[in-house]
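Visitor: One-letter residues, chain by chain:
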Amino acid sequence: MAETTLVHPKAAPGTIPGWRGIAADWASDQRAFKNVSWGKAMMWIFLLSDTFIFSCFLLSYMTARMSTTVPWPNPSEVFALNIAGKHIPLILIAIMTFILISSSGTMAMAVNFGYRRDRVRTAALMLATAAFGATFVGMQAFEWTKLIMEGVRPWGNPWGAPQFGACFFMITGFHGTHVTIGVIFLIAIARKVLRGDFDRERRGFFTSRKGYYEIVEITGLYWHFVDLVWVFIFAFFYLW
Amino acid sequence: MVDIPFDPVAGIPPAEVGEVELYHPRSWWTRYVFSQDAKVIAVQYSITAMSIGMVALVLSWLMRLQLGFPGTFSFIDANQYLQFITMHGMIMVIYLLTALFLGGFGNYLIPLMVGARDMVFPYVNMLSYWVYLLAVLVLAATFFVPGGPTGAGWTLYPPQAILSGTPGQDWGIVLMLASLILFIIGFTMGGLNYVVTVLQARTRGMTLMRLPLTVWGIFTATVMALLAFPALFVASVMLLLDRLLGTSFFMPTLVEMGQLTKYGGGSPILFQHLFWFFGHPEVYIVALPAFGIISDLISTHARKNIFGYRMMVWAIVAIGALSFVVWAHHMYVSGMHPYFGFFFATTTLIIAIPTAIKVYNWVLTLWRGDIHLTVPMLFALGFIVTFVNGGLTGLFLGNVVVDVPLSDTMFVVAHFHMVMGIAPIMAVFGGIYHWYPKVTGRMLNDVVGKFHFWVTFIGAYAVFFPMHYLGLLGMPRRYHDIGETSFVPASAHDLNAFMSVAALIVGFAQLVFLFNLVWSLFKGKDAGGNPWGATSLEWQTPETPPGHGNWGKELPIVYRWAYDYSVPGAVRDFVPQNEPPSGVAAQGAHP
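Sequences listed follow chains A and B, in order. For the record, in the first sequence the residue sitting at position 100 is 100 according to this note's numbering, with numbers rising by one throughout. For the record, in the second sequence the residue sitting at position 54 is 1054 according to this note's numbering, with numbers rising by one throughout.
Pulled out of the complex, with its shape left as it was, chain B reads as follows:
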């Protein structure tokens, strides 16, 4: 830790961007419903995402009930099981995680962390939420239309996605595709805002290399989403045309129920390429914000600066770039040329390098830190463990020869639930426990929080750890009822029942969490402005929760990076980003 070698205030250029007048709401409606304030939009995004996420949680219960106790629940038939699988996957990946990380955390944290008053285009930002809500409603409507939601699996592979044997062929698939198109339009409006805000609307002194890693994670993920969602958009449009107009983009000549279909000459593999060109970056769209949030949680709660900040930033950017050239590792069994498989296996394994850098840096940040085992910290530690776990099985699946026998088994299900299900959800929970005091001004209940963590963490391992073993046995995924087969021993069925019970318990723990969110809103301990003693700008707002325009009269000025914890010689064990070096008078908003 060297002191800044030059005059700190002179080093900060004068304001380059004039203050832009804020939109001031005049009525209850424009303040709380059609609000243009990013903080309100963030809460709207979060509540909507968590609500639809609860639906997906219930669907996972139903699937686990069927898998654990096949034949016991007569109300779940094979078609419904497929519908549950599809909707669970689609909701969790896109409508919950993507929307919550970028729309929820992104909207709340970006303006506050970069020291802006709001997003650059608040009106477009508001539209983004309402289009997202519309997408969610269209998606939810598929549960009530004739034939129910689509059962094509969350990947929606043609040709089966639009053929008559698949449940939801009438309405479900059409509404699903329409909902995806809407989601992408809505997301683009929000995403442009996040990117431009980070690039062009930072406060004085806030260089890109002083941004908290949360912002770096969300920013890179948003850029990736803006480049990856187009592929899903195009795939959805073309599949919709195949279904509604009878075009044959993805549909080969095939016989259905003994009759030649009207289709011919299309390429199902084309859909897989488009889908996974979106689908793989999507994994990192969910993972990068989690990386960023975890970095900040670990640094704050271990009272230590993040290890290798610069390397962390480059690792995020490198992962983002690499994730665009690995998509076909989802398609090793599609009949692709083996040399292609070799290429994609290589790029996939290269991603392990920046990812490992991040994990080592988290561990080195913890090393000899003053670790406070608060609830956010517990979730952060849970994230690291789970992510390493899921990442290591990723090395297996990234290799062609290992992937081919494991394809479409429970091993794959276990892998991606660990790496992009449980791990990002841990980051979400950690983030919520960490920033809830800023959003509401009250602390979440600690005891309930710890209960929530331990049940979720141990429970998630109880559900997904045995699943690896089932996969290695050869148990296929997406099967409604495995039945009596020679390669699945009876003990595997017992294991399935155990996992189902664990899944139910984990699910109920989430209800406790929701209760905590509501209860603490009214009865929680008063948080004050900066309960964790954190350095980044959002904790330095003059009011908690931050008022309209975030910073009162003057914007803060940033003198340092976001990780000045336990600086030798400092009065407190943290130095906020906007605290000037000793001997310099404070300027701008300051507590």
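Just chain A, with the same shape it has in the complex:
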């Protein structure tokens, strides 16, 4: 029995040195992560799993790009736009990236106001985040349309390796789906915040559980993750 009890049961967490201490902290009573709610823990673990999905997509894309014997189309040229007579490479993607990063800023502010129980500002900032997200998806739709008009298809394109179109539509499509789901969640949660569901502890329609303002932060975790993934897509797909 001695070997299964905590090493020093009354010692405060973090006071046992070395690996034994780390293991003891993790294995401690009731909860492995103190002060982390179920919902937040679940979102973190989901994001870890989702990281593996995006990593697999990106690694597959890199394999395709590195092993192709046909030249890969030059992203700077493909994603260039003519604005006011000037040929600017990657301008649309730069704007999209700027918008998405900005949306992370408004999201972070929404989380802050959420914990202050400032219903109106929280909801307004969440809706602003959703609007940024929707703009991002809209610009992506514009980009898709432009490329399709220029003859890019999942199975081929006028400039080189057919995997270019395949990877482009698959990866941006999968990321865009994530953004769209995020926008839907943001709007749904903003509505709940505005209605005061979390002040009155109104029960959820599906789960019949009470909601808390923490859900704003959990939605924020998802949103920042989607944002971070975009940074990697931007770096590996467009800047390479």
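If you're looking for bench data, these hints aren't it; they were derived computationally from the structure. Small disclaimer: the values here were computed from a predicted structure and weren't measured. Watch out, some of these pointers could steer you wrong.
Facing chain B, according to a computed beta carbon distance under 10 Å, are these residues of chain A, among others [claimed, not checked]:
#	residue
1	18
2	22
3	26
4	34
5	45
6	56
7	74
8	106
Now the in silico label distances, taken between C-beta atoms and shown as ranges [claimed, not checked]:
#	chain 1	residue 1	chain 2	residue 2	range
9	A	138	B	1554	48 to 56 Å
10	B	1024	A	25	33 to 41 Å
11	A	48	B	1334	27 to 35 Å
C-beta: ideal position from N, C-alpha, C; glycine also.
Given the structure of chain A, go ahead and fit chain B onto it with the hints provided.
Guide: Chain B only, in chain A's frame:
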């Protein structure tokens, strides 16, 4: 065995997590069909998995009939044989074993063993089952679509998986991939629940190092599944795009029926990497819950504490981590760089160390134990023997130079059926015989159970032991009809016929088992709350079967690990986890 050196109750921190209100079903539908109770979801998972598993069992009969008596059964042609192989493998590995261990055993045992009222997100848990059911239905639908199910082999290797020569190229492969994607989505919803429940919703006193090993096995397997299934998800999506949209992720330039296909420039090896990055952890996703269940069965039925608990836990975690860096040992013949082969052979052989630790610890637990040869114990012993057997042939296949000549022979088939077919199924049966009394309140019939065990155990060896020999002769796997070849002697054909008869008998024994499950539900002996005298929390519930919310008014408090069997000086030969040390008044739910 030293006594606890400090005040036991003071050592248990006060409750950190407030009670979360349970969802209370209001109608028959929400109680038994769209139920959010993990116990009902577990039974739903188990019944669905076993039903689709029966289909896979029948498919294996048909394959064995063809192999044992080639040419006798005119209704099995080469294409159908390939379809049977594919569906048998996919169903058994994913839709039966993964779903049964994690969805079935996981849902039932995790909340009860950690002392929770339910999973942390019951609604998501319910969705998990319904998406799984949808995946199973989509899979079953492939038997009825034009062209039938896919015949690409359970690994679904492109390019042949989506080319027109392969059966099921029209609908079968599309539905198979769609079903896999659905399965992964459904599993993720359940898996997140299992992980968070173990990490964050344990009862007072239940530290991670007091968890029964069953929970450790299921927990680690779920974490692995959450990290490994993404690779299969991505591979399925990309293969689906190749098939439906004509992309060329996995498809090289090739000529089909004298014509150049539309594909070009893709890498079939990429699919193999993605598939096996999922596929190898999958072996342990099935094996780790089995390890955990077997540890508990052996300890309980040998009336002895598990030997080296801490080491058992670390071995489970180490196996889980190592299994992510061995995947390419399935690809030695894919033309991979030899240095890669060397790396993966090394990591593969390293896994033998924690695995051997586990086997030694099981044997040392049995050593001088008070072994009760109950049906669960028989299956546990059967598991150890079978697993050692399959593990040892794994050492052969893990070495590049030995694997290359043995690749794609019956030796490989024999190996993986021993190690991840028969062995985990033994754990499933052992687990069902062990926990059925808790689920239903009645014992399974002992005589029928022993009959089931002996026929299954001896029969499985009769089927798969000779198969090693056939493999060493060079008999290839996945061949519909081996025909007359110089390297296969006539006696090998007789052996094949013998194996087929044995397979039929083993299959029928499973029908006896199913009969036992149904018969005992109505006529079984009354079990009482704790028929095996076990220590872990699920046996200490106030009601059997456990009611909604599991624990009545108050949650149990855990004072000790799950393996206090035959403690010197104790009144009984087991001390439940929630029994306070002498002189301390009981708190919380207690019998």
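Visitor: Quick check on the hint: residue 45 of chain A CB to chain B CB, less than 10 Å?
Guide: Since chain B brings a Cβ to about 6 Å from residue 45 of chain A, closer than 10 Å, the hint holds.
Visitor: Per the CB criterion, is residue 56 of chain A less than 10 Å away from chain B?
Guide: holds (4 Å)
Visitor: Go through the hint on residue 106 of chain A and say holds or violated, using the shortest Cβ distance to chain B against 10 Å.
Guide: At 27 Å from the nearest chain B Cβ, residue 106 of chain A fails the 10 Å test, so the hint is violated.
Visitor: Hint residue 22 of chain A vs chain B: min CB-CB distance below 10 Å?
Guide: Constraint on residue 22 of chain A not satisfied, violated at 12 Å.
Visitor: Go ahead and decide if the range 27 to 35 Å is satisfied by the Cβ distance of residue 48 of chain A to residue 1334 of chain B.
Guide: Holds, at about 29 Å.
Visitor: Using 10 Å as the Cβ threshold, decide whether residue 18 of chain A counts as touching chain B.
Guide: This hint is violated: residue 18 of chain A lies away from chain B, its Cβ roughly 16 Å from the closest one there, beyond 10 Å.
Visitor: CB of residue 138 of chain A to CB of residue 1554 of chain B, is that within 48 to 56 Å?
Guide: With Cβ atoms ~55 Å apart, the hint holds.
Visitor: Do residue 1024 of chain B and residue 25 of chain A keep their Cβ atoms within the hinted range of 33 to 41 Å?
Guide: holds (36 Å)
Visitor: Residue 74 of chain A was flagged as interface toward chain B. Is the shortest Cβ-Cβ separation under 10 Å?
Guide: With Cβ-Cβ at 18 Å, over 10 Å, it is violated.
Visitor: Hold the hint about residue 34 of chain A up to the distance rule: shortest CB distance to chain B must be less than 10 Å.
Guide: Status holds, d = 7 Å.
Visitor: Would you check whether residue 26 of chain A satisfies its interface hint, that is, whether its CB is within less than 10 Å of any CB in chain B?
Guide: holds (7 Å)
The earlier numbered hints that this structure contradicts are 1, 2, 7, 8.
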